[in-house]
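Residue numbers (my numbering), protein chains in the order written: chain A, 1 to 398; chain B, 1 to 356.
Treat the hints with care, since some could be wrong.
What the hints assert, rightly or not - Below, in silico cross-link-like pairs of lysine to any residue (SDA-like), each with a Cα-Cα straight-line distance of 20 Å or less: (1) K75/A / P302/B; (2) K196/A / A225/A; (3) K173/A / M200/A; (4) K28/A / A297/B; (5) K195/B / M221/B; (6) K75/A / G379/A; (7) K15/B / F189/B; (8) K279/A / G379/A; (9) K28/A / A306/B; (10) K29/A / M37/B; (11) K175/B / Y121/A; (12) K28/A / Y121/A; (13) K28/A / D289/B; (14) K75/A / G301/B; (15) K75/A / F33/B; (16) K137/A / F145/B; (17) K75/A / A297/B; (18) K137/A / A153/B; (19) K28/A / L35/B; (20) K175/B / R120/A; (21) K28/A / S171/B; (22) K29/A / F189/B; (23) K305/A / A306/B; (24) K344/A / P145/A; (25) K28/A / P298/B; (26) K192/A / D181/A; (27) K169/A / V386/A.
Claimed, not checked - Under 10 Å between C-beta atoms, here's a sample of chain B residues computed to sit facing chain A: (28) H137; (29) M152; (30) N218; (31) M221; (32) T224; (33) F251; (34) D318.
If you are wondering where the hints come from, they were derived from the structure by calculation, not from laboratory data.
We treat Cβ as the ideally placed atom computed from N, Cα and C, and that holds for glycine.
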Amino acid sequence: MRLNKITLVMFVAFCAVFLFSYQGQAQKKGFDDNEIRIGQWGPQTGPAAPWGAVARGSKLLFDIVNEEGGIHGRKIRYFIRDDQYNPSQTMAGVRDLVDRQGVIAFVGGVGTAPGVAVQRYLRQNKIIWIGVCSGAKAFIEPHNPYLWNMWPTYDDDASVMAKFLVEKKKFKKIGMLYQNDDYGLDSMAGAKRRLKTYNMDLVAAVPCEPIERDLTSQIARLKAAGAEAVIGFVAPTQAAIALRNAVSVGFHPQWIHSYNLCDFYLMNHITDGLWAKEKVMTTAFTADITDMSIPLVKKYHDATKRLAPQERWAIFYAAGIVVAEPLVYALKKVGRNLSTEALKNELDKVTNFQGIGPKLTWTATNHRPPKALRIWQCGPKGEVIVLQDWTENELSAY
Amino acid sequence: MDMKRSYYEDIELFKSGVILFWTIVFLLVLFTFPLYMSDYALYLLNLIMVYVIVSVGLNILVGSTGQISLGHAGFFAIGAYATVLLMTNLQIPFFIAIIAAAFIAAFFGFILGLPALRLEGPYLTIATLAFGLAIMHVIGHTEFFGGRQGLMAPPLDLGIPQLGWSFVLSSETSKYYLVLIITILMVLFAINILKTKAGRAFVAIRDSDIAAEVIGINLTMYKTLSFAVSAFYAGIGGGLFAFVLGFFDPFTFNLILSIIFIVMIVVGGLGSVMGSITGAALITYLMYDLFKNVNEAPYVGPLFVAFSERWMTITGMDNFNYIALGLVMIGIMLFEPLGMFGAWIRIKKYWKTWPF
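Model the full assembly from the supplied sequences, consistent with the hints where possible.
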């Protein structure tokens, strides 16, 4: 009776589950005497590939550091893993880096879904993670002792916008075009809470889907509501389509979009210059990267020309530098006696640190992102006009 | 070579003692993997086994029954979401939840099987494609399913927590054993089903559905059954995938995934269980591992990167990954149209008559 034998083998095998269930091989240490290993994931291929520039931007800063002689005798070795914005690929890449290469920290990491997928794993393995590229709540609450946030929440973003529109620009009728998910809904909560303090409400809040390519009905609703200004929390493509639609029906409100759309060069390109013509505003949480009078901006810009001439000096690329700056700062502070705990302690002590990104302050119990944002406007030649400098959201929900 | 002298020989699970021996050796090797493999390798193996389950099921539909489905990511999603939602909302134990989820997927498979009675070829492809895409967007739109934000899998508890008996699998190793055992059972089930009345009916429908009907096979029943069984497999695979990954959002289950499933069985070999297994393993490895490390390889790495940056794109090696994946697929289709299983048959034949 063959089948009985098989059953027996299966039974023995099943017992093995209980016998062998132990933790896997110990992971590799994230550094040695000569190098510190740091990783990042990001979509280098696939539909989300334009955001992959973030991961390559971080490389620039690490290359600069290595050129200057490394950190306390150790060079930085940096790994990028392409995840195609697919959480199962992110998990594979992250496990590969933690298990096989051994990394002490991750910086950045584009996207909410890929980040949420690996958050639990990174926390369990005590891997330091700085500046996930997402403003989603999932990364802020509950407090994760190994994740330090840098990207402002969408709630804060919309709140600062609404305040600016009402107090500085004296708009009475504000509408909103939002993506129908947490990105849009979080921001709508922030905008509504702000407007409530002025006894106002959105005159129209119109959702759109990330795959929608026809926004005429949305624009018609905003126009019918008589919106003088429209807050936008949508993807770049939707923003471009919405703007074209609005202009074609003679609807010219003051558009203001989230910081995800502050690459004016790109937006002008995909709107055939309408972005500049309509004087679109966005929020922002970095220095103006085209302003060469800022020493750090000039330094990074020149380094790009020298070390990575194939890259376009743009906001996503610079965002990679922004997320890597605090790590380099903390590593320098730790000194020669490096360990995950020592690095964690230094990061917990970061106070008023500012590179080309926002001003950062973290404590052991507070790893929240900065609440301050700036407001930019697209000038006639696509240049940045700073309308309002760093402004903190005092109504922040976090 | 594969001559059968009686019906009972034909339905033997293992055709010879040699095959039985090597199967047991192979299984023992699988069971010792966690002793010397890293967590990363175990994660990859878990993914491979999840895809093995799905492609074995898909092969019953495509390879054995001759129908097509470009909507299997939909069933896969149903399996993942139903398992997790049953566990978190109704506190149903894992094993019951995953089986219930698979039956839910099978029910949807049955529904999708109905148009298959009238549609064929490209028309059926479009119908299943629409199903796969619709599932993704329905889930993405519905708050109950976690919307676009996705769902977090609960702790993988094999016991019944309500009775105070809980057995939580947290390590990668224990998950590996769970997935391995389920995969073995599902593969055995697939091998056996093809030797039953239902399995033979599937093959008859594939070869000629009119002839099959003439000899008394109920087309309505067996076509929908084939869809249901195939969806059941995808449901089980999805349920396990939820825990292997720990988190998933609707766009994980996109059209590309459905196509990848088809690629796995075509590369592996249509109509063969072993083909599905090798195909799933190869494609998963190519997608998730191949070339991902080349950047850091000594000597070769910098050379490749420099070549890529100079002549191709600034994203380094990552585009090579796709090119290599495509080349491997084209190569297999060109030189071995029966897939890897076809290659295996040829090798076997060659050695049977060696040295002549």
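Does F33/B sit within 20 Å of K75/A, going by the straight-line distance between their CA atoms? Cα-Cα ~35 Å, so violated.
Restraint satisfaction for F251/B [CB to CB of chain A, less than 10 Å]: holds, 7 Å
Below or equal to 20 Å on CA atoms is what counts here, so check K195/B against M221/B. holds, 18 Å
For the pair supplied as a hint, K75/A and P302/B, confirm whether the alpha-carbon distance does not exceed 20 Å. It holds: about 17 Å lies between the C-alpha atoms, which stays within 20 Å.
Regarding the hint that H137/B lies at the interface with chain A, is the smallest CB-CB distance below 10 Å? holds, 8 Å
Under the criterion that the straight-line Cα-Cα distance not exceed 20 Å, is the pair K28/A, P298/B satisfied? Cα-Cα ~19 Å, so holds.
Pair hint outcome, K175/B versus Y121/A [Cα-Cα no greater than 20 Å]: Within the cut-off at roughly 14 Å; holds.
What's the verdict on K344/A and P145/A, does the C-alpha distance respect the 20 Å limit or exceed it? holds, 8 Å
For the hint on M152/B, does the least C-beta distance to chain A fall short of 10 Å? Holds: closest Cβ of chain A sits about 7 Å from M152/B, inside 10 Å.
Can you confirm whether the C-alpha distance between K75/A and A297/B stays at or below 20 Å? holds, 18 Å
Are the Cα positions of K28/A and S171/B separated by 20 Å at most? holds, 17 Å
Against chain A, run the beta carbon of N218/B and see if the smallest gap drops under 10 Å. violated, 29 Å
Hints 6, 9, 15, 22, 30, 31, 32, counting from the list given before, are not met by this structure.
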